[in-house]
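**Q** Build the complex from these two chains, which are given one at a time in their own frames, with help from the hints.
If you want the building blocks of each chain, they are given just below.
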Amino acid sequence: MEKRWYDVAVVGAGVSGCATARELSRYDASVLVLEALDDVCCGTSKANSAIVHAGFDAAEGTLMARLNVEGNAMFPQLSRDLDFPFEQVGSLVVCLDEGARPDLEALLDRGAANGVPGLRIVERDELRQMEPNVSDEAVCALWAPTGGICDPWGLCCALAENAAANGVEFRFDARVAAIDRDEEGLWRLRLEDGGEVVTRTVVNAAGVHADELHNMVSPRRMTIVARRGEYELLDTTAGAHVHHTVFALPTKMGKGVLVTPTTHGNLLVGPTADDIDDKDDTSTTPRGMRSVVEKSALTVKDVPFRETITSFSGLRAHRPEHEFAIGEVHGAPGFVDCAGIESPGLTASPAIGVMVAGIVRDILGLEPKEGFVATRRGFVDLDKVSPDEWNALVEGDSSYGTIVCRCRRVSEGQIRDACRRVPGARSVDGVKRRVTATMGRCQGGFCSPRVMQIICEEVEGMDMLHVSKSGPGSEYVVGLAKQPVEGGEARG
Amino acid sequence: MASAERHDVVVIGGGSAGLAAAVAAHDAGAGDVLVLEREGQLGGILNQCIHNGFGLHTFKEELTGPEYAARYVAQATERKITHLLRTTVLDVSADRVVTAVNAERGVFRIEAGAVVLAMGCRERPRGALGIAGTRPAGVYTAGCAQRLVNIDGYLPGREVVVLGSGDIGLIMARRLTLEGAHVACVAELMPYSGGLKRNIVQCLDDFGIPLYLSHTVVGVEGRGRVKAVTIARVDEALRPIPGTERRYECDTLLLSVGLLPENELSRQAGVELSPVTRGPVVDESLQTSVPGIFACGNVLHVHDLVDYVSEEAAVAGRSAAAWALGGGRAAASDAMPTEHELVCGEGVRYTVPAHLSPQRMGERLTLRFRVSGVYQDCHLSVYAGERRIVHRRKQVVAPGEMQEVVLRRDQLQGLHGGEKIRVLLEEA
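As you go down the protein sequences, you meet chains A and B in turn. FYI, in the working numbering the residues of the first sequence are 1 to 492. FYI, in the working numbering the residues of the second sequence are 1 to 428.
Isolated chain B (complex conformation) (with noise of 0.2 Å):
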């Protein structure tokens, strides 16, 4: 192999928040940023959601995922920003070496000043959740099914039932109920359901498919081909009720039964992980444990509104380019800074960051999080050490839409250090 090439700041993964991250880190100052990507053109997953809803908190209007995707190309584009297509990475190291493949070059090694992980997520797939029966043609993740009918122009099926509430697969009812074929239903295993409430309204109520709460797939038949799916009510246990099943005959089951982050990279590199977002644990600038390795966007925790997944996306560039300009240290501060957890309480499923130091955070540092169920009329509090800071009320929260809470330096002075910071919900 060839000896390695330099980069300021690496970033893997094309989509989103790979290109926010990218503009970002070359807006604060990283001359020579390179972007990894896999496919045959940047963009990501945004490629294939030609839907609209896009891009109404950063642009202001809607925009479909395409001409969302279209706009941060431009500015990476703009910025004279270097990327590589249809380029897998293997290996990410430790000591920020990058290891990749493509057809043009073969395998070749890229020394990094700071490396942003910006790999997204995969569909949790059928083997995951134990449905009993046949394995025929016709299931199909949501986004398989997304990819056929938007990018390569095929119908994957007729009649459709579909697991799983999750954005996608409401988005992919709706899509294949105007391609032409039938969605019988949406059969959701948890009381309520996974994706935002704005996407049942209008792929799933405009379109009269009902969406069946505590129920899930009990089997699939068919050999070649999926014949039928029966779906049953569960309990609170979310075991499967004898007697509750209803058959359909259909030749197609789609599934949008939760995204994980790929982390395969991350683990590579020796970054701790969540397990409860199965994304690298990190601090206020996104940093992950490993030094010079930042994250941001589905890959550190799955989320909702692409919006967001560019905010958070700038946080990290800008932290990457801090890094990499800084010569492999933080930006300074003057003080020492102290370290303090954050702390999941009750109703708190998971917060990103996972610690941060009141010294280096900056003005303000927007606190992400999801709940572990519906709850009605509480509030989101948030303390640090006994004191409380944030309690803001909320007519309802719910685990399908992700929170936010933005904490101000000043709020957490007089923090000892150790003390901790703990974010919950509270009865109202």
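Just chain A, with the same shape it has in the complex (with noise of 0.2 Å):
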């Protein structure tokens, strides 16, 4: 029988949105996910710079520095718990100029006054020996060690699996179109298919779109400004070029942009900063990718940007307050922001999560239900298990045997296990983003056939005509080879 309505209607699956069902998926509560897009991880979360900040950056007092702060220490135990891939390897910001040290002080202190641990400067030999291939130009550095990387794709999968294990539904292609409050005050949300849902609450987690879902029902009008940043993937043959995130301390120059490995074993170099109107445009543009290039070198020399494998850029939803605006929103009962999620942002994610649930927690009255599971299995990764974990592995699914992304070297069983999760892949990006089938450095050219077939064989009603990069018209082929001509005439 459909319900009625839904305690919770959470309206975005990226990172805050994801974070914010699983930990509303601690209580006796209905939820519903809705996402515009085809699958989780689609907007600001799937495209940024997969750190996971210690937090001196944010002004002291302000909601961000306190999420960072909170959010970076819930990483360690989060990953281990939802089993997805996080490094602390710790960050540095670069001091090229001796005159700029004040500057780096007074980002020491900073970090300090938010609460950040074990923040230091190292000097010029240190450095070296720390990072060798810093700039010969680098005076000294502000050393994070609890500046860490991660893999954003993995944690909001993670967050989206285990809220749906705890009973947390997700719908997807579902764009909220409108929304109404009625006379027994629930909130209806039409979608832009025709559907409607109802619910007691909303939480708005919508990315760059939160403001034009905020100012459905506000007459305080929320800006949202998307904000392009544009980055470099180098191949894993590239990836030990820097062993911690390698920031550059802003000057009056500009900000510069950072070098870090990821957890995929890359090298991420990015990003530029262009404030556009489109808000979902994420094209690449030649002055970008030259800029990426030009300033990765004022902190970090010899980057081998001959082996990069794909240009790529993402949008933050920056706020011209430059805050994180959450809470109930004023005339709006039971309406919650969770807006302008900006960076720090994937780094706070978890403690947005905590936050965002105990408001619509205390709204609602909730209470917490017996049997929440807190855990979650992570996807294979065949680079960290042993030959013997390996062949158990094969015996128990001999298609984990089978390899089919060479360069990633994923293997046929991974690639069923992504499209068999819940929420599941259902294209050939939900695959990446999942276990990285496709992400490699011939990019999908040997195996994204074969992952389309792969999918084809799990996601039901799916075929080959219908398979898709990432969702409806993102469709691969257009039919089928030696058919006849439209028309039947040649043309010429």
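Hints listed in this document are in silico derivations from the structure and should not be mistaken for laboratory results. None of the hints are false.
The calculated BS3-like cross-link candidates involving lysine-lysine, where the alpha carbons are at most 30 Å apart (straight line), are: (1) B:60 with B:80; (2) A:482 with B:227; (3) B:227 with A:279; (4) B:60 with B:394; (5) B:197 with A:482.
To list a few chain A residues with every Cβ distance to chain B over 10 Å, as calculated: (6) 5; (7) 60; (8) 86; (9) 110; (10) 125; (11) 129; (12) 135; (13) 165; (14) 166; (15) 186; (16) 252; (17) 254; (18) 256; (19) 291; (20) 297; (21) 424.
Examples of chain A residues toward chain B, derived with CB under 8 Å: (22) 280; (23) 284; (24) 391; (25) 442; (26) 445.
Glycine included, C-beta positions come from ideal geometry on N, C-alpha and C.
**A** Take a look at the structure:
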């Protein structure tokens, strides 16, 4: 029987929405996550620096600073519970000019005030030892041992799967077109496809579109600017070029870009920062690509850009106030904003989830439920299993012995597993985000046809004509080969 | 893991190179040759090359790719050469222990008397080119599109722009036209084509598909699927010239922008790689810097014609057999062998092999290389020390066509230890 209403509808299945949903799944409540696109982690959460910030950037006393440090502290345990890639590699903010040392010291002081542990300034020689490829111009650096790197796709999928395992429902391709509050005080969300969802509370975690949702219920306008950041991703052959996340100390000349290893073993360089009008425009630009290359050279020498395997851009949900907007909206009871979640939003996301779920809990008077399962089984990473462990996998399911993606060494078994999860992969990018097939040096040139076939075998109702890169409208093939040309006449 | 099994010669890759190497190794006396192939059938990339034009040199007739492969598969079958399919090699060690995985056996190890690397090459993806714009579906490497059409039976798009005039791109321009798609143009960054002349004629000219030299793609539009591609002319430094942009509404961008030898395993084994070819540095027997590990085909350097792959691979197979049967030593020679480095002079980008020993090389040695630009009316010259031993007139040479020169051992007599062999182009 269809429920008349949900206790909570979370709009947006990015990392904030999924973290909130997972925290809400601890309580006795019916929770639905609505996502406009075809999978979790399709917006801001999918294309960013993949950094777990230590927490010295945000101004003391801000919500950003508090949730950054809290979120950072949650990562080690969360990554064990939910089994997603996270490494506390530490970060360095590199100072290139003795004259700027006071700025670096100010950063250290701010970090200390924010409660960031272990911060200290390392001098030239120690810095060289820690990071042999650091620029020859580097004078000193701020060392933050709690800085880390994570797999944002892995985090988001882990949160979503664990939420689903604890009873949260997910609905994809479900874009909210309008919101009304009815006479009973229930929120009615009309979807673009004509459907309707009725809910007691709404969590607005709609990323760059969160202002549009907010402004449907409140006369106090919110503005979110899409701030685009371009990145270059280098092959795993370049992954050890730096060992920590290397930031540039911001100067009058600008903010610089970071150079960091990733949990997938690649080297990531970026981002640029351009405010753009079109909130879905994740294109890259020649200027942006050049800028990333030039700026990286300020802090790290000889970055082997020849090993670049892809360029991409992501959109940060930037508010002019530069502060997270979290809380029940004035005059809209039960409508809770979780907006303006820009950097350090990924780091803060576990703490954001706790905070937002707490607000909803208090509004609805939710009680913890019995049987909440806090852990989730991650995906197999064949680079991290021993031969004996691999053989045990093959014994259980022989498809773990058939490699499909040669560049990232991903087996058929992992791809099937990605499709069988709830919520599972339904597109090639969905597979990529879960088990990394097609994200290696050949970028799917060899394996994408096979990945498409496996998706067709695993996803109910899917066929080769409909399997897509990232949801409807991004189908890979347009028809069968060896078919007559429409109209029967050759062109020419 | 069970203890390792042992084979005289283990060939990694069951494509054109691997099969020819395995057959030659067997014929040279290696009784126990094993081919490891990651796909579900032997033949490698030839299986999706359903056009004809293969085998003119080897078999004196025009075969399709699958037909050419089938000839070698038959030769391997006749010789009862063993092979494992759907088997991926995970590691090759310097002491020639091969670790592989498949669904039947899980992870297993093989000790090899000699190893032949024949893993082939991969296509350079979009990311390596830094093409700006969106990242929608509909951007394919030519080989990926070829697989979808020829093996899987799907049409990847209806309105197509091709970037790069490598042979696969040219072949696919024709194939997609035959399948009912419209190919708007082929854009080539360089002022010359990267493909064979015959492919330009048969795949583009015969179908009225324009080839724009000194052009590149500067933008891709489309959210879900490609909606348009913009190309522009480039200057001599290969930078796009503002104002020369042309926008094509299309649903597909096909990339044929270079092939890269797949040497991840070679690197793990500690094999020295050439920065130019990105393949192993080899001697006259096609032995890499790691003793007992040999390389041939596209993993060594990217070829244009499969016939030459087969020929080269046979050398590697024979050398591997000799090594394995000799108990881990190269074929014996009476004199202390001298080593001579091959040096690239004017117009020559690389040579395979990169060094040789006249005492070990046999009566003849085929030297293969590519030139760095289009040269008209020139001479291919080889100097042994100060002595010019080859001086062959060529009407035209181009980077898209691999060159070869056969050296005779007697030409190299009298070379002193340390003297170099120089290969270059000279004005007529």
